[in-house]
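Undergrad: Here's the letter readout for the chains.
Number of protein chains: 4
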Amino acid sequence: MCMSKGLVVLAYSGGLDTSCILLWLKEQGYDVIAFLVTPRFTVFIEDLRSEFVQEFIWPAVQANAVYEDRYLLGTSIARPCIARRQVQIARQERAQYVSHGATGKGNDQVRFELTCYALYPQVQIIAPWRIPEFYSRFRGRKDLMEYAEKHGIPVPVTPKAPWSMDANLMHISYESGILENPKNHAPSDLYQMTKNPEDSPSEPDVLEIDFAKGVPVRVTHVKEGTSKDTPLELFCYLNEIGGKHGVGRIDIVENRFIGMKSRGIYETPGGTVLLHAHLDIETFTMDREVRKIKQSLGIKFSELIYNGFWYSPECEFVRHCIDKSQENVEGRVQLSVFKGQVYILGRESPKSLYNEELVSMDVQGDYDPCDASGFIKINAVRLREHNRLQGATQKKL
Amino acid sequence: MCMSKGLVVLAYSGGLDTSCILLWLKEQGYDVIAFLVTPRFTVFIEDLRSEFVQEFIWPAVQANAVYEDRYLLGTSIARPCIARRQVQIARQERAQYVSHGATGKGNDQVRFELTCYALYPQVQIIAPWRIPEFYSRFRGRKDLMEYAEKHGIPVPVTPKAPWSMDANLMHISYESGILENPKNHAPSDLYQMTKNPEDSPSEPDVLEIDFAKGVPVRVTHVKEGTSKDTPLELFCYLNEIGGKHGVGRIDIVENRFIGMKSRGIYETPGGTVLLHAHLDIETFTMDREVRKIKQSLGIKFSELIYNGFWYSPECEFVRHCIDKSQENVEGRVQLSVFKGQVYILGRESPKSLYNEELVSMDVQGDYDPCDASGFIKINAVRLREHNRLQGATQKKL
Amino acid sequence: MCMSKGLVVLAYSGGLDTSCILLWLKEQGYDVIAFLVTPRFTVFIEDLRSEFVQEFIWPAVQANAVYEDRYLLGTSIARPCIARRQVQIARQERAQYVSHGATGKGNDQVRFELTCYALYPQVQIIAPWRIPEFYSRFRGRKDLMEYAEKHGIPVPVTPKAPWSMDANLMHISYESGILENPKNHAPSDLYQMTKNPEDSPSEPDVLEIDFAKGVPVRVTHVKEGTSKDTPLELFCYLNEIGGKHGVGRIDIVENRFIGMKSRGIYETPGGTVLLHAHLDIETFTMDREVRKIKQSLGIKFSELIYNGFWYSPECEFVRHCIDKSQENVEGRVQLSVFKGQVYILGRESPKSLYNEELVSMDVQGDYDPCDASGFIKINAVRLREHNRLQGATQKKL
Amino acid sequence: MCMSKGLVVLAYSGGLDTSCILLWLKEQGYDVIAFLVTPRFTVFIEDLRSEFVQEFIWPAVQANAVYEDRYLLGTSIARPCIARRQVQIARQERAQYVSHGATGKGNDQVRFELTCYALYPQVQIIAPWRIPEFYSRFRGRKDLMEYAEKHGIPVPVTPKAPWSMDANLMHISYESGILENPKNHAPSDLYQMTKNPEDSPSEPDVLEIDFAKGVPVRVTHVKEGTSKDTPLELFCYLNEIGGKHGVGRIDIVENRFIGMKSRGIYETPGGTVLLHAHLDIETFTMDREVRKIKQSLGIKFSELIYNGFWYSPECEFVRHCIDKSQENVEGRVQLSVFKGQVYILGRESPKSLYNEELVSMDVQGDYDPCDASGFIKINAVRLREHNRLQGATQKKL
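Residue numbers (my numbering), protein chains in the order written: chain A, 1 to 397; chain B, 398 to 794; chain C, 795 to 1191; chain D, 1192 to 1588.
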């Protein structure tokens, strides 16, 4: 009648890996609470979707968060949302341990654990895929299957796809297996959230998205006249329309925090629509120089999210600054979604810095073209001095 | 028999404005050399296309040059190329003056003139659209038409489109007129380089682009087996394929250097294909941290180009640094072009830092997962200290 | 009986230049209100010292504002303070014009005028030193003297120093005249705020400075036991102590906004003491990564101040962000001031992230040294991959 | 007679710790080569001083390398120099192991090991202070002393200072012990390279330093007429003069790479003189905008050095870029060294962008002051638009 080694809150996906981990932890002498984000069966079933949209996706939209110019961070921003809830449960249940099924080579282990340490510094983390007793016992899927069968864990009957996949409300990522060769094309049956643009409708859908403080507050289907205005509904609707038209597929090689390059295939339909729309309304309403500073903060923010530092002093600081920058990011963008693309069609805003009279080629407005001569001449002072020093005009011409 | 006021080299487009300017300058007492970039008729006819591709577009490709996250700078990088030649002619012909037809509210006046001052500091610039005698005399197109007719200048017979347009090898830009209202949609007959994606082929073209030192050295049509490998041919071919599939259309509001927001519509078919391909091969072959530094240099470079500082000490410095970063950017990208989109399909490189064994989920490679625990723990030191100070875990949860 | 051309608010220093400008403006037909920052005689006498310290110097202290690594911006941050009051008076008195005596080659004209335009966009600015009628009439000091004498304006009886000088509560700057040759040494009798370190006391003064939210709230002379805690008194006291010990003298060449290099000599006694103290308490209390981001914002802020953009959307944004970063910058710094130097002696804070146990070499604390191995190994993954690719170990060794 | 476990190259300082480590490694069954940087006795005695100055200090001078605004990186840049030689010996002697005596909480372990992994990826590192068998056996200085005595290792007879110290050609650092309390003042007898400014000469020494490509090529004592022009002599001479006048002492709290704050006291006499001189000649000769970009590269470089990434792709890239920026950094700076301070007195250069005529207040030069009006007006366009939108002038005034 041995004592429990302690209580573990396990982030449980319902898949083969975490099912085996659940059992294995018990074998090791722990008590285990399974914490399931997507509803299936056991102790803690959580619907974090609304807070995921508002507290995680919306700040990413404000930031135009994109890692290495291409990846919209769908997996990365889900991790702190899940881990936050996990440590809440752990604290509430007085568990000293948390556990997860993330591998030892990936980013997710870092994202989960940094969140846990940041919010629950005394927590102890059990990462079986980094524990030699575990990973040398389960050397592949076959070992896990046998273990599961032997212990009556229900095993997947469908053959596993030759890649791994991770899905949440914002996106699905695919990697590993046959995708590890970066030259291999993604199979056409891989994608689950988005239709193949070759098979998508031959007519666009035209949407209007209204923003306030840099986040979408309403989306309207222009032709159908329908609209959504709660964050969760709105985002799901953009997923639906984006998915229907095959928007948001990328195939990239990216740089992991732990120092290796990996190949990932992602689909982020709603997020991609929002990125285009937000970029547009932001540039329309934000001062040029504020935009420049905010752009660099957005790049920093993206890197922090990717690396797992959502809960860190610097990320809180950057989020605050970005949020501040969004005060006047308000207005409506009209766009069309078609064959994998998002086309901006027009925009309007009560807070735009766009001044139609000032910019017009037909009206002078409050602008004296002669001023431009002085502006250019003064900007040239430095260039002419440089030239003078070089004595090198000839060389350049 | 009055004395000439001096010799002017005019950047002449052959259009109504510069035709009138040519005549007006003569009326004012100048001798004028018309310098025509696109071939039509008069004194200096120049084909700058090859040097435009190699000396201007290629560095922009290396930099992933994009202004304000969206504009590929097609007009901006053409200006220093043209103005450089213009001052070469001016020096050669011992002209003290250069002139152009750019307006007083736009970016192009800055780009032309900064280039002129940088390369020919003693030059004097005549910008008629900033000279009250000129712009108060010619208050609109009608005045120009009458002047032209009166002096036997051939006038356009086709009615002018209700917007202005500027075309070069890399892109076409459209602005002004009905486009000045940022809410108005672009008319579907506006685009000239790209097909409407709704009417574009229903089958993709698959291309392979080979890069060396960050610039494309060969493009191959996979199915047809044809390929191009001189810079000009290669770029024109990408324009053709991109244009056929409607790639590279954007509708944006941007921030001009002179401080106003303007609305522009651009199409950049070949440049857009190259941006996608280069981003892919670059991330595949470049170290993560070098990439980050280079990304910020690329953003700086884009801003410098946009603002007209191609010929400036800082732009030369940045170009040098970016070029240095491209030493190992080498390899082949396979992509498909379809309905306005570019899809990366796969990539390979003799110089990639991608290590299939290292990243594999199935092989351990030269990697000990236990190291990740220490890595995460040390990264968490700071976060846990922050939490300790805050004493605020509860607040956050 | 001619009509007035309008009402001008002139920033009046009481010196020869602005005295002549005052008269000249009247001659030109304007009504003039003289706005005098340092008290002497005429219509608006203003003591802006308290708001200068709190609203301008304090944000600069929070930012560690330094231009080009050396200049503490004493003149630059005074300009928006003065110009803000000037346009307040102009609005209040319904004056359409403001005027100043800044030269046409300097930074101050830009700083004054950008502030005016930002806060009073309809204002019209009269800058006599850029008006040919003025500057061709007054070609030198002699012309001004004659004009002054002729019109009964009191003229300085002391011979003018062979340089120009600008003083405010924060610093004095010296430039022009014999200082224009950058090789010439500054004469030893030039400095007015600081004692020559060769003649300064041979014993240090030891001070304690208490900070809250990144600004000083109390300064205490340790030996004397006296202290100051209102912003103005506190700052004046630091000027006194700093000045007594010859602190804050620099001789630099800097880059003006208008594109030329200039040589300036500055003395900023109190500001220099504060810079050292703030740097110390900030690093003691601020997270490393927040500090990095804040450092780059501080550099940006310094450049904006120097260039005259205190009142701009980007500067307001940056100030807000920097202010946010200072929430926990609290504590006490002890320092000694001696012979031109400031030496930090020690610091303490209730909000420090410094953890004596954690860092101790004698105690393990909550830290497992083994974690460092994993941390280093993972950080090396990327470096080893780079080496592998180079195949170039030999080359390097 | 047991087999050797393998050959270890130990970075041996000759102190108590590494003496014990040497023996302990032998006890553990390794063969050991002691690699001694400062000459004392055993197998490999190395004088790396010349290459340290030219290959490590000079690039730091070019970069104005300073970590967190204050620390001149004297320890940090010594580490890759030593470790590079260590792995050269290891490769040459076919040793699979290297070892060092750095602690498990510090930066030096990271700097040593990242260099080793970068240059010799297959190497295995033995860090005894991170090995439980070692650090639980030697829990303090007393244990080491006993072990040393027992095995006939010569032990220090002088009592150990109540802090630890690390010295090299560039600087000495002091930390730990009584310095761990950040409030404690540094004892006055701590410093070894610099004289207490209170006791330093009461007359300055005036030096001239000549630079070429951003590095010093000659230093001349103006009064004595003596000069040094080889890198090692020149740097040692600056150490001597700086030390004599008490230059380069700082007391700071800094952020370690491993996430904790630590308190360090440093003295860097020659390096501090060079920092001042280089900053001056650089600003004198470098274009403003190049300087800004280079400044941010310098900050990045400093962070990379501090964190141990001297040998990394990004550091190589940044070093290359900074070196490029120094092409025209050439000329002579005159400065005085006195009582802990360095005062710049004047400068001259054949490559300066300083233009005395252009900047002069007495001569117009090739500059039209009217241009400044246009320059300011155009810079104000954006600010006035912002004001217009805010409709908030009143609020601000």
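Hints listed in this document are in silico derivations from the structure and should not be mistaken for laboratory results. Check the hints yourself; a few may be wrong.
[Said to hold, decoys possible] The list that follows gives simulated cross-link-like pairs (lysine-lysine, DSS-like), each with its CA atoms no further than 30 angstroms apart:
#, chain 1, residue 1, chain 2, residue 2
1, C, 1017, D, 1404
2, D, 1435, C, 977
3, A, 183, B, 580
4, B, 620, A, 223
5, A, 213, B, 620
6, A, 213, C, 977
[Unchecked claim] Non-contacting residues of chain A with respect to chain B, defined by C-beta distances greater than 12 angstroms in every case (computed):
#, residue
7, 18
8, 120
9, 150
10, 198
11, 229
12, 279
13, 286
14, 347
15, 364
Note that CB positions come from ideal geometry on N, CA and C, so glycine has one too.
Undergrad: Against this structure, judge whether each hint is valid.
TA: Hints and how they fare:
1. Of the supplied pair hints, the one linking residue 1017 of chain C and residue 1404 of chain D is violated, its CA atoms being roughly 49 angstroms apart against a limit of 30 angstroms.
2. Between residue 1435 of chain D and residue 977 of chain C the alpha-carbon distance is near 26 angstroms, which keeps this suggested pair within the 30 angstroms criterion.
3. Proximity of residue 183 of chain A to residue 580 of chain B is assessed by CA-CA distance (about 43 angstroms); at most 30 angstroms being required, the pair is judged violated.
4. Under the criterion of a C-alpha separation no larger than 30 angstroms, the hint pairing residue 620 of chain B with residue 223 of chain A is inconsistent with the structure, at around 40 angstroms.
5. The hinted pair formed by residue 213 of chain A and residue 620 of chain B fails the criterion: a straight-line CA distance of about 49 angstroms is larger than 30 angstroms.
6. This hinted pair does not check out: residue 213 of chain A and residue 977 of chain C have alpha carbons roughly 54 angstroms apart, beyond 30 angstroms.
7. For residue 18 of chain A, the requirement that its beta carbon stay farther than 12 angstroms from each beta carbon of chain B is met, with the minimum near 16 angstroms.
8. Not every CB of chain B lies more than 12 angstroms from the CB of residue 120 of chain A, the least distance being 7 angstroms, so the non-interface label is violated.
9. The claim that residue 150 of chain A lies off the interface holds: its Cβ sits roughly 23 angstroms from the closest Cβ of chain B, which is beyond the 12 angstroms cut-off.
10. Here residue 198 of chain A does not stay apart from chain B, with its beta-carbon only about 7 angstroms from theirs, under the 12 angstroms limit.
11. Distance check for residue 229 of chain A against chain B: the nearest CB is about 21 angstroms away, which clears 12 angstroms, and the non-interface claim stands.
12. Interface exclusion of residue 279 of chain A from chain B breaks down, the closest Cβ pair being 6 angstroms apart, not more than 12 angstroms.
13. The Cβ of residue 286 of chain A does not lie farther than 12 angstroms from every Cβ of chain B; its closest approach is about 9 angstroms, which violates its non-interface assignment.
14. The beta carbon of residue 347 of chain A is not kept farther than 12 angstroms from every beta carbon of chain B, the shortest such distance being approximately 6 angstroms.
15. Remark: the non-interface label on residue 364 of chain A conflicts with the geometry, its nearest Cβ contact in chain B lying 9 angstroms away (cut-off 12 angstroms).
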